[in-house]
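The letter at position 14 of the sequence shown is residue 1295 when you use the working numbering, and the numbering goes up by one with no holes.
To be clear, the hints were calculated from the coordinates, so they are not data collected in a lab.
Just so it is clear, CB atoms sit at the ideal spot from N, CA and C, and this is done for glycine as well.
A portion of the hints provided could be inaccurate.
As the list claims (entries may be wrong) - Label-pair distances were calculated between CB atoms; the ranges are:
1. His-1309 / Lys-1384: 42 to 48 Å
2. Asp-1334 / Ser-1421: 46 to 52 Å
3. Lys-1384 / Arg-1469: 21 to 27 Å
4. Asn-1426 / Asn-1325: 35 to 41 Å
5. Cys-1381 / Ala-1327: 54 to 60 Å
6. Lys-1384 / Phe-1323: 46 to 52 Å
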Amino acid sequence: NKISVNGAKRSKQELDPGMDYLINANKHTGLMCRRKVFDVCFDNEAADFDHLDCDTEHVVGCSRCLISPPMVCCDIHHPDHFSAYSSPSGEPSLMSCRSCIPKYTKDAPDLALQDALDDWCEQKTILTYGLSQLSDLGPSLVLPNCTLDRIVDCAHHRKITSTLNLKRETGWTDADRFGNEIIALIQRHTPLTVSPFTTTPLRPSSSTTNANVLTPVLLAEDSTSNLIDRFIYTKINGR
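Start from the sequences and build out the full structure, keeping to the hints where you can.
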């Protein structure tokens, strides 16, 4: 049992058996057909057929009312006919774990990127699926809201710089298809950061130049003094 926010217990929702059989029909040896699930759940075999009442002159009855078996059954028996509707993700790929994003406060660039992504979603939904789908299903048909929020979070922390990063951080199935457009929006609305370790070589100052010039002079004076001291020492000691 789950505990709700107000402390009251909330019963765990269970999947309807009919839906369970429909989803996992290929795993039940007694079914192995999704159409058979509909026949059993709705008791189609017990339904009355009136095709013989419409046309009594023919043995098969009325050809329009006669329910003939379909040429294509389901994706289990005829998988080739349903390949266009299969999930593009397939089996989960072994991808590296995505980054852990710490909590932060959205600033102006983050909000600007979020607005730009919202506008992009609406335009792309219209171009891809039509205006009617945008009105019925919304822009999340192209980019789910949770994926959009994840992109904004990762862009704030400079985690997305390529399509490969986008796919790893979000798991978006259309990253290969629209990734370059998303990267362009991120680069347009995310300010570049300057590394604090970047330095500019210092220009030589006048004091530095003077110090370099005076150094040989001091050495020369120091050398002359040593010669004079040695000359006096030789005169006094006779050697």
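Hint-by-hint comparison with the structure:
1. Between His-1309 and Lys-1384 the CB atoms are about 45 Å apart, so this pair conforms to the stated range of 42 to 48 Å.
2. One distance hint, 46 to 52 Å for the beta-carbon pair Asp-1334 and Ser-1421, holds here, with the actual separation near 49 Å.
3. Against the hinted window of 21 to 27 Å, the Cβ-Cβ separation of Lys-1384 and Arg-1469 comes to about 25 Å, which satisfies the hint.
4. The hinted window of 35 to 41 Å between Asn-1426 and Asn-1325 holds, with their beta carbons roughly 39 Å apart.
5. Checked against the given bound of 54 to 60 Å, the beta carbons of Cys-1381 and Ala-1327, roughly 56 Å apart, stay inside it.
6. Distance hint check for Lys-1384 and Phe-1323: the Cβ-Cβ separation is about 50 Å, which falls inside the suggested range of 46 to 52 Å.
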